[in-house]
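Trainee: Residue numbers (my numbering), protein chains in the order written: chain V, 1 to 220; chain U, 221 to 440.
No lab work stands behind these hints: they were computed from the structure.
Each residue gets a CB set at the ideal place from its N, CA and C atoms; glycine is no exception.
Treat each hint with caution, since some may be false.
Stated by the list, open to error - If you want the footprint, here are the derived chain U segments under chain V, 3+ residues with CB under 8 Å:
id : segment
1  : 243-256
2  : 263-277
3  : 294-305
4  : 319-330
5  : 357-363
6  : 413-420
Claimed, not checked - Footprint (simulated), chain V over chain U, 3 or more residues, beta carbon under 8 Å:
id : segment
7  : 375-385
8  : 398-410
Stated by the list, open to error - Ranges between beta-carbon positions, derived for each pair:
id : chain 1 : residue 1 : chain 2 : residue 2 : range
9  : U       : 381       : V       : 154       : 35 to 43 Å
10 : V       : 206       : U       : 430       : 53 to 61 Å
11 : U       : 421       : V       : 124       : 20 to 28 Å
12 : U       : 358       : V       : 72        : 24 to 32 Å
13 : U       : 269       : V       : 206       : 21 to 29 Å
14 : U       : 358       : V       : 28        : 21 to 29 Å
15 : U       : 240       : V       : 153       : 54 to 62 Å
16 : V       : 211       : U       : 338       : 19 to 27 Å
17 : V       : 72        : U       : 269       : 41 to 49 Å
2 protein chains.
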Amino acid sequence: MTTSPHDAGAPSARTIVNRYRHLAHYDRPTIDAILDAMPVAHIAYLHEGQPIVTPTLQWREGDRVYWHGANNGRMMRATEGADVCLTVSILDGLVLARSAFNFNVNHRSVMVFGKAEAVTDREEKVRLLTRLINSFAPNQWDKLRPATAPEINATAILSLKIGEASAKVRSGPPEDNEGDYAHPVWAGVLPIRLTVGAAEPDPRNLPGVAAPDLSGYRIG
Amino acid sequence: MTTSPHDAGAPSARTIVNRYRHLAHYDRPTIDAILDAMPVAHIAYLHEGQPIVTPTLQWREGDRVYWHGANNGRMMRATEGADVCLTVSILDGLVLARSAFNFNVNHRSVMVFGKAEAVTDREEKVRLLTRLINSFAPNQWDKLRPATAPEINATAILSLKIGEASAKVRSGPPEDNEGDYAHPVWAGVLPIRLTVGAAEPDPRNLPGVAAPDLSGYRIG
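This is chain V alone, in the form it adopts within the complex (with noise of 0.2 Å):
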C-alpha cells in the first residue's frame, strides 16, 4: 500500500480512494452531506460466495446509517452481522473534455464499510421507522394506519456505523492535459440532476383527506 498526502484522513487502507486521489474527502461534514441528500444506497455482500449489490433506501442519523426490509429477505439476512460496503452516488453531470482520456462524470459518493449490526430493540425500530416516515412528510407517521406488531416484527433494520468511510467529490469544468486546451474543440459539463414533481394522489383517496407537506422533500 501506498500512502500519499491525500490518505491523511482514511481511516483504513481499504478507504482510501485511489483513483484521482485529489478528490478524495474523509470528513464527516462531507460524507454526511451526501449520505442526507440521497436516500438510495447500493449494499454489496456475499449471498453464497458471490458477491450482490442491492439498491435499497438509507437513512442517517448521527453516526450511523440503517437500512430496513422485510427480515426474510436475502438481503437482509445476508447482511446482518456480516461486513458490507454501503455505497451512495449522485451523478450531477457529464464532462465533455478535449481528449476521451480526460472525459469525467460530476458526482458526488461515498462508500461505508463494516459489519451491519440489526436493531433489536423494539422501541427503537419503531421510532427509526418513525423517522424514515417523516423524513418524506412531516408528522405522515402519526396519521397512518398505525403500524400492526406483526408488521413490526416482519421488518428488519440493519445499520452500519460511519467510521470506516470516504467520500469523492468531483465538480466543475473539465481538466485537460495542459497542451490540448489549444484544441479546438467545444469542451464543458452537461449537468444532470434529481427534480421532485408535483404529488401524484392515490385515485383511491378518500374524498377531502388533506394533501401532506411534500414541499420541504429535497433530493440530491
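On the provided structure of chain V, position chain U as indicated by the hints.
Mentor: Only chain U this time, still in chain V's reference frame:
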C-alpha cells in the same frame, strides 16, 4: 429454493427476484431499456475477501454491458475474470401509502451476474470507447484531440454477457391492504426524475468553438 409462476423466466437461481416477485421481469426488452436509460452502474466485487461496490459508467451493445477504467485501478483489477454483480437502478418516486408497511419506492432496476471479461483487442477497445463518447454527443469522438496509444493502453474495458439477468419495475400508486383504503389519510406518489440542464461551456473554450448537439441526450 422455492419456485413460483413468477420464476418462470429466471435464467438461474441467483437471478430469481424473491421480494415482490410480481415486479420481476426476465425479458431482454425490459432489461435493455433500463440499462440504456441510466449510464451509472454499481458493480459489486470481492477485494481481499471483502465485498465492495463501486459506481461507474456502463454502456450496452447487443448482448453485453461494458464499463471502463484505469487498468491499474482497484475495481478494474479486482473484477477482470471475476464474478461480479452489476446493478443499474433508477429511482422514479416515493410511494406514500396508508400504512408504513406499504410505503414503497417506484423504481426500475436490473441485476446482471457473471464473470467480467476484458476487451483486449485494441481496435475493439477504440471502437467501444468511440461509442461511449458518441453516446453523449453525436460524432464527438472525431472532434477530440486523438487518443494516443499510451492512453488506450492505460484504459481497460470489461464486459459482462447479459445472460444471468433480472429486472424489477415498480410503478403506480400505493398498494395498500384492502381494509386500509377506508383510513382517512392522503396516499400517493412523489415523482422523482433525472433532468438534463443546459450545457455549461468550459471557461477555457477557444473563441468560436461550436457547441455539440447535446439536445438528444436522455437519462432516466
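Trainee: Is it true that residue 240 (chain U) and residue 153 (chain V) lie within 54 to 62 Å of each other by Cβ?
Mentor: 19 Å, violated
Trainee: Honestly, do residue 206 (chain V) and residue 430 (chain U) meet the 53 to 61 Å range at C-beta?
Mentor: 57 Å, holds
Trainee: Quick check: the segment 398-410 of chain U, covered by chain V? Criterion 3+ residues, Cβ under 8 Å.
Mentor: holds (count 11)
Trainee: Does 21 to 29 Å hold as the CB distance between residue 269 (chain U) and residue 206 (chain V), or does it fail?
Mentor: The hint (21 to 29 Å, Cβ to Cβ) is violated, given that residue 269 (chain U) and residue 206 (chain V) are roughly 54 Å apart.
Trainee: Are there at least three residues in the segment 263-277 of chain U whose beta carbon sits under 8 Å from a beta carbon of chain V?
Mentor: holds (count 13)
Trainee: Are three or more residues of the segment 375-385 of chain U within 8 Å, CB to CB, of chain V?
Mentor: With 1 residues in contact (Cβ-Cβ under 8 Å with chain V), the coverage given for the segment 375-385 of chain U is violated.
Trainee: With respect to the beta-carbon atoms only, verify the hint that residue 381 (chain U) and residue 154 (chain V) lie 35 to 43 Å apart.
Mentor: 37 Å, holds
Trainee: Taking a Cβ-to-Cβ distance below 8 Å as contact, does the segment 294-305 of chain U have at least three residues touching chain V?
Mentor: Contact hint for the segment 294-305 of chain U vs chain V: holds, 4 residues under 8 Å.
Trainee: Regarding residue 358 (chain U) and residue 28 (chain V), is the given constraint of 21 to 29 Å on their beta-carbon distance met?
Mentor: 43 Å, violated
Trainee: Evaluate the given range 41 to 49 Å for the C-beta pair formed by residue 72 (chain V) and residue 269 (chain U).
Mentor: 27 Å Cβ-Cβ, so the 41 to 49 Å window is violated.
Trainee: Starting from the hint 19 to 27 Å, judge whether the C-beta atoms of residue 211 (chain V) and residue 338 (chain U) obey it.
Mentor: Cβ of residue 211 (chain V) to Cβ of residue 338 (chain U): about 53 Å, so the range 19 to 27 Å is violated.
Trainee: Does the hinted range 20 to 28 Å hold for residue 421 (chain U) and residue 124 (chain V) at CB?
Mentor: 51 Å, violated
In summary, the structure is inconsistent with hints 1, 7, 11, 12, 13, 14, 15, 16, 17 from the numbered list given earlier, while agreeing with the others.
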